[in-house]
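Here the protein sequences come in this chain order: A and B.
Numbering follows numbering that gives the first Met the number 0, in which position 55 of the first sequence is assigned residue number 54; successive positions increment by one, without gaps.
Numbering follows numbering that gives the first Met the number 0, in which position 94 of the second sequence is assigned residue number 93; successive positions increment by one, without gaps.
Treat the hints with caution; some may be incorrect.
To be verified - Taking lysine-lysine and the BS3-like style, the derived pairs with C-alpha atoms no more than 30 angstroms apart in a straight line are:
1. K403(B) with K168(B)
2. K150(B) with K168(B)
3. K168(B) with K326(B)
4. K326(B) with K150(B)
5. K64(A) with K403(B)
6. K326(B) with K11(A)
7. K41(B) with K64(A)
8. K168(B) with K152(B)
9. K64(A) with K326(B)
10. K64(A) with K11(A)
11. K152(B) with K326(B)
12. K403(B) with K371(B)
In case anyone wonders, no lab produced these hints; they're calculated from the structure.
These numbers were taken from a predicted model, which means no experiment stands behind them.
Here's the letter readout for the chains.
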Amino acid sequence: MSNVPEELLYTKTHEWVRQNEDGTVTVGITDHAQDLLGDMVYVELPEPGNSLAVGDECMVVESVKAASDIYCPLSGEVVEVNIALADTPELINQDPYGEGWLFTLQPAEGGEREELMEADAYQELIESES
Amino acid sequence: MPFIPHTPEEVREMLEVIGVERIEDLFSEIPTELRSSITSKKIPPAMNEMEIGRLMRERAARDGNPLCFIGAGAYEHHIPAAVWELATRGEYYTAYTPYQAEASQGILQLLYEFQTMMASLTGMELSNASLYDGASALAEAVLMAVRANRKSKSRRVLMPLTVHPVYRKVVRTIVRHQGIELVELPYCTACGNIVPDSLASLSGEDFTALVVPQPNFFGVLEEVDQLADWAHANGVLVIGLINPTAAAVLAPPGEWGEQGADIACGEGQPLGIPLASGGPYFGFLCCREQLVRQMPGRIVGRTVDLDGKPGYTLTLQAREQHIRRSKATSNICTNQGLMTTAATIYLSLLGPEGLERVAAACHDNTRQLLEKLTAIEGVELQFDGEFFHEAVLRFDVPVEPLLKRLARQQLLAGYPIAEEYPELGDALLVCCTETKSEADRERFAGLLREAMAEMRGS
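Turn these sequences into a full structure, and let the hints guide you.
Set out below in structure tokens:
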């Protein structure tokens with residue numbers, strides 16, 4: 000059974016979003032996604048300062064099985080990227096909701112957040128897909 | 000026997016299931032006017048082995064047996080007999096990396112050795128298992144540089160006019176619909192290479208990569224250290240386009256300037272592949288370790304199995320087309336297996352010292368030939384830059400009739416470059432490898448002297 004924390008928001012493409020106190024959001028991939036992808040070997044991070052639109056292919060995570068695109072869950076500007084992943088991409092496998100975060104984003108104004116899923120909806124999605 | 004595994008009965012059954020009457024109906028969505036008008040009627044009747052063998056021998060004989068001083072990207076070198084004797088053994092005789100590759104440890108080990116040799120020859124950290132040819136390897140190098148240089152947003156690549164004109168065309172064809180702009184870099188008509196100081200006016204502009212040919216199309220050596228340093232100081236990646244024979248005596252791309260080139264590529268034909276109407280040849284592509292995930296094609300790695308025994312495997316496949324589809328690093332994820340096999344055997348027979356001797360003999364022979372030819376009235380060296388085994392000569396008579404006349408005397412004197420470089424006038428690109436003896440060079444000089452005297456007299 001995959002771990003789906005209650006306090007996070009989710010996308011259909013298996014990214015998670017955490018609201019931070021300073022107004023930014025942190026983005027990562029879910030426990031379910033890392034489990035399907037397998038051992039991570041390489042991460043191609045976005046450039047801080049880049050403006051992204053919701054749904055953009057903004058970075059690539061590469062596991063022993065495949066290189067997969069990560070879709071940007073909200074429009075906004077990249078603030079910070081998790082440079083620890085350059086040397087230790089396995090953090091995504093070990094701690095997908097913590098040390099394995101991907102990047103933070105300063106979200107643009109807009110109602111895109113309402114498109115994101117609550118934990119129970121995401122839980123249903125992955126059960127329906129399995 | 001036709002090479003079609005289906006019987007007419009099976010074909011009929013399949014058509015019935017999908018509700019189509021004839022095979023031709025499957026192509027009905029292609030407008031009639033676009034369909035090929037070639038029918039079987041225009042193809043002559045089949046010949047047996049004896050007949051086709053004779054036809055081919057007769058056609059080949061029409062070429063004669065000329066003495067060839069044409070280089071321009073394809074070079075006549077001595078190939079030890081053992082190279083193709085071994086390369087055509089059943090164990091190696093495949094054009095591709097095998098499917099179910101790990102079942103074929105022999106070919107994987109061979110490709111691994113090839114990669115090791117190419118990395119060592121270019122002074123780079125990594126090599127892939129080869130590409131189709133030198134021109135497409137350069138195009139892949141450009142695409143790779145654009146993916147890798149994330150600091151540059153312009154997708155503009157500096158392409159010197161001293162790069163082989165055919166290579167420039169191939170690169171343009173492959174990259175032009177990918178939003179990549181090729182910016183031409185001029186050359187000095189006195190020295191025949193890029194003047195590094197001329198780049199100063201471009202400093203501060205956003206360029207993604209710079210292609211540096213060594214030697215360049217004119218056979219002239221480029222100031223690779225200064226060019227590489229300028230590029231790196233301006234955030235530009237350096238792509239070295241090199242002749243692998245010359246690499247045995249010149250500084251390898253990995254040692255250009257302070258940091259070395261980022262990518263090295265080129266045509267592998269000089270390494271044991273005969274001249275055969277333009278191919279098949281093979282391309283090589285090497286890079287620094289940091290760029291490996293942007294490198295297209297196959298890479299063979301060495302590892303150990305569960306019992307700790309060494310074994311070879313295809314590695315870094317996660318970005319190839321069978322996994323990434325349209326997002327793959329390239330959609331030419333194959334290699335030239337057989338040509339690569341020959342090159343690996345060629346390099347292992349010659350060794351670093353042998354290849355160095357071949358390169359030195361080429362340079363020496365070219366120097367001696369140029370001395371003889373430029374002693375003839377009306378023949379001059381076009382450029383004063385240092386050369387490897389090729390140089391541009393300028394004539395005071397029209398080149399085309401001169402070439403025709405010499406060809407009738409079984410001498411291919413060089414490659415005319417006026418079409419691509421009209422500014423150089425009546426000029427020929429002449430090459431002399433280790434295969435040309437003193438007597439051959441003397442014959443060239445004698446026939447040329449005669450021809451020029453007569454052409455001027457008439």
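Quiz prompt | Pair hint outcome, K152(B) versus K326(B) [Cα-Cα no greater than 30 angstroms] | solution = holds (19 angstroms)
Quiz item: Is the straight-line distance between the alpha-carbon of K150(B) and that of K168(B) 30 angstroms or less?
Solution: holds (27 angstroms)
Quiz item: Given the proposed pairing of K64(A) with K326(B), does the C-alpha separation stay at or below 30 angstroms?
Solution: Holds - the C-alpha atoms of K326(B) and K64(A) are around 15 angstroms apart, at most 30 angstroms.
Quiz item: Given the proposed pairing of K403(B) with K371(B), does the C-alpha separation stay at or below 30 angstroms?
Solution: holds (21 angstroms)
Quiz item: Under the criterion that the straight-line Cα-Cα distance not exceed 30 angstroms, is the pair K168(B), K152(B) satisfied?
Solution: holds (24 angstroms)
Practice problem: Would you mind confirming whether the straight-line C-alpha gap from K41(B) to K64(A) stays at or under 30 angstroms? | Solution: With a Cα-Cα distance of about 50 angstroms, the restraint between K41(B) and K64(A) is violated, given a limit of 30 angstroms.
Quiz prompt | Satisfaction of hint between K150(B) and K326(B), Cα-Cα up to 30 angstroms | solution = holds (21 angstroms)
Quiz item: Is K168(B) close enough to K326(B), meaning Cα to Cα at most 30 angstroms?
Solution: At roughly 24 angstroms apart (the allowed maximum being 30 angstroms), K326(B) and K168(B) satisfy the hint.
Quiz item: Within a Cα-Cα threshold of 30 angstroms, do K326(B) and K11(A) meet the stated pairing?
Solution: Holds - the C-alpha atoms of K11(A) and K326(B) are around 21 angstroms apart, at most 30 angstroms.
Exercise. Sort out whether K11(A) lies within 30 angstroms of K64(A), counting only the CA atoms.
Key: Holds, because 21 angstroms separates the two Cα atoms, which is no more than 30 angstroms.
Quiz item: Are K403(B) and K168(B) close enough, with their CA atoms no more than 30 angstroms apart?
Solution: At roughly 27 angstroms apart (the allowed maximum being 30 angstroms), K168(B) and K403(B) satisfy the hint.
Quiz prompt | Given hint K403(B) paired with K64(A) - CA-CA distance at most 30 angstroms | solution = Violated, because 59 angstroms separates the two Cα atoms, which is more than 30 angstroms.
Comparing the model with each numbered hint stated earlier shows that hints 5, 7 do not hold.
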